[in-house]
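2 protein chains.
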Amino acid sequence: MSKEEISDWFKSLQDSICEEVREWEGKDIFTQDLWFREGGGGGRSRAIQGEIIEKGGVNYSAVHGEMPSKIAHAIGLEPNEFYATGVSIVMHPVNPYVPIIHMNVRYFETDKGDWWFGGGIDLTPHYINVDEANVFHQKLSDVCQVFDGKTKGEKYAEYKQWADNYFYLKHRKETRGVGGIFFDRLNEKSFGAQNKCFQFVQSVGQAFVPIYKELVLNNKDRSYSAEAKEWQYLRRSRYVEFNLVWDRGTKFGLDTDGRTESILMSMPPMAKWEYNHIPEPGSEEAKTIGYLKKGIDWLNYK
Amino acid sequence: MSKEEISDWFKSLQDSICEEVREWEGKDIFTQDLWFREGGGGGRSRAIQGEIIEKGGVNYSAVHGEMPSKIAHAIGLEPNEFYATGVSIVMHPVNPYVPIIHMNVRYFETDKGDWWFGGGIDLTPHYINVDEANVFHQKLSDVCQVFDGKTKGEKYAEYKQWADNYFYLKHRKETRGVGGIFFDRLNEKSFGAQNKCFQFVQSVGQAFVPIYKELVLNNKDRSYSAEAKEWQYLRRSRYVEFNLVWDRGTKFGLDTDGRTESILMSMPPMAKWEYNHIPEPGSEEAKTIGYLKKGIDWLNYK
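Keeping their order, the protein sequence lines are chains A and B.
Note that this note's numbering has the first sequence beginning at 2, numbered continuously upward.
Note that this note's numbering has the second sequence beginning at 2, numbered continuously upward.
These are calculated hints, taken from the structure and not from any lab test.
Glycine residues also receive a C-beta, built at the ideal position from the N, C-alpha and C atoms.
Careful: at least some of the hints might be erroneous.
To be verified - Listed next, the stretches of chain A that the computed footprint assigns to chain B, with coverage defined by at least 3 CB atoms under 8 Å from CB atoms of chain B:
id: 1; region: 49-60
id: 2; region: 167-174
id: 3; region: 237-247
id: 4; region: 266-280
Could you build the full structure based on these sequences and the hints that come with them?
Shown next as C-alpha cells:
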C-alpha cells in the first residue's frame with residue numbers, strides 16, 4: 002500500500018462516518034474547514050454542532066515535510082522527511098446517558114523506510130452502564146480476534162491494557178472512562194506485513210459506526226435530570242484535564258504549532274469544576290467513579 | 002529571617018486576605034481543608050464559593066522533605082532536603098466585568114544553602130478596560146519602585162516582561178490577560194540580602210487587597226447581558242488551557258503527586274469551548290482579543 006492509498010482510505014472513512022452522523026441528526030451539522038500546513042500537506046476538519054452531538058469533530062489530515070531533529074530524536078528516529086495521515090474523532094453528546102467517544106486511526110512513514118500505524122477507540126460514559134461497557138469491549142475484542150495469532154484474545158488483551166494505561170488521569174488516580182483499545186507503532190513485527198496492519202486499522206475504523214450508533218440511538222431520548230446534566234459538566238472537566246495534561250497527541254500538536262482549533266476539537270462545549278466534589282455514597286455518580294479503574298475485565302464483568 | 006518566620010508571615014497573609022474577601026461577600030464563603038504531605042509538611046487550603054467570587058481559593062502551604070534527584074537536577078540543584086512555602090490565590094468572579102486575578106508569593110530553600118523567593122500578580126479581565134489595566138500596572142510599578150536600584154523603573158520593567166512571557170498561550174498566540182509582574186529565583190543577586198527580598202515579596206503580597214478590592218467593588222454590581230456571561234465562559238476556557246498546558250507550577254504539582262484539589266483550585270466554575278469562535282469585528286470582545294499581546298506599555302497606554 003502506498004501512503005496515498007492509505008490516506009485516501011482515511012479520507013473516505015471520514016466521509017462515511019460523517020454521512021452516518023448526519024443521518025442520526027437528520028440534517029447537516031458539520032462545519033468544514035480545509036487547512037494547509039506551511040511545511041507541507043493539510044487537512045479537512047469537520048466540526049459538529051448538533052442536537053444529539055452537542056460538540057465534536059471528525060478530522061482528517063495528511064501532512065508531510067521535514068521533521069525537526071528535536072522531534073525526530075524524541076521519537077527515536079534520525080532526522081527525516083515524514084508523512085503522517087489519519088482520522089480523529091471526538092463526540093460530546095447532549096444527553097448525559099450517551100457516552101463520550103474517541104476514535105483515532107493513523108499512519109506514519111519516513112523516507113528512511115520507517116513506518117507504523119497507530120490508533121484506538123475508547124469510551125467515556127458520564128454514567129457507566131456495565132452492560133454497555135461489556136458490549137463495547139466485546140465488539141472491540143471481535144475486531145482484534147480476526148487478527149490474532151495462535152493465542153486467541155492476545156491482541157485484544159494487549160491493546161486493552163494499553164488503553165487502560167494510556168487513558169489514565171494520574172493526578173486523579175482515575176481512568177478516563179471504561180477504556181477500549183489503544184495501539185501504536187504497529188509494523189511488520191505486529192502483523193507480519195504492512196497490508197495486514199492496514200487491514201486491522203481499517204477494521205478499527207469501520208467498527209466506529211456500529212459501536213457508537215447503538216449507544217447513541219438507545220440513549221439519546223432518555224430523560225435526564227438537571228443533576229445528571231451537572232454531573233455531565235463535571236465529568237467533561239475530567240476529559241479536559243486528561244486531554245490537556247496527559248494526552249501526548251494534544252501536547253505534541255500544541256507544542257509543534259499544529260492547527261489549534263483542530264487539535265482542541267476534543268474539548269467539551271461546557272465543563273464545570275467544583276472544589277473537591279464527592280458524589281453521595283451509593284449514588285449512580287459514586288458507582289461510576291468506582292468503575293474508573295485500570296484492569297477491569299469488562300468482557301467478563303457481571 | 003528563618004524559614005519559619007517567612008512561612009508564618011505567609012500564613013498571616015492568607016488570614017488577612019480571607020478576612021477581606023469575607024467582608025466583601027458579607028459572610029463566610031470559605032471551606033477550609035487542612036492537609037498533610039506524606040514526605041513532610043502540609044497546607045491550609047481555603048476554597049471560595051461566593052456571590053461575588055463564584056469560585057476560587059486562597060491556599061497556604063509549607064512542605065519539606067527529601068527532594069527526588071530527578072526533580073533536583075531538573076531545577077539545577079544537587080539532591081537535598083528542601084523547604085517550600087507560599088500563598089497562592091486565584092479568583093473567578095461572577096460578574097464578567099470583574100477580572101480574574103492570580104497572586105502567588107513563595108519561598109524555597111535547601112539544606113545546602115540555596116534559597117530563593119518567587120511570585121507575582123497578574124490580571125485576566127474578560128473584557129479589557131484600558132484605564133483599569135493602567136491603574137493595575139501603576140500599582141505594581143509603585144511596589145517595585147521602592148526596591149529599585151539606581152535605574153528607576155528597572156525592576157518593574159523586568160518583572161513585567163517576565164509576566165508577559167510567562168502568561169502566554171503559545172498555541173493561541175495570546176497573552177492570558179493584561180499581565181502584571183512575575184519573578185522567580187530572587188536571591189542575594191536580586192536585592193543584596195534575604196531580608197530585602199522578603200520585604201519585596203511582602204509588599205507584593207500586601208498589594209493584593211488594595212488592587213483587587215477596587216476592581217471588585219467598582220464592577221461587581223454592573224449589569225451584564227447573557228452574551229457577556231457566554232463570553233466569560235469562553236475566556237475561562239482559555240484560562241484552563243493556560244493552566245493545564247503551560248503553567249509550570251500546575252504541571253509540576255500534578256506530576257509530583259501534589260494535592261490535586263489544591264492545585265486545581267485555579268480552574269473556573271464553568272467554562273465553554275466553541276469551535277473556532279471569532280468575535281464580531283469592532284465588538285468589545287474583539288477589542289479585548291486585540292489587547293492580548295506581549296509588550297503593551299500599560300503604564301503609558303492611552
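* Numbered hints the structure breaks, given as an ascending list -> Of the numbered hints given earlier, the structure breaks none, since each of them holds.
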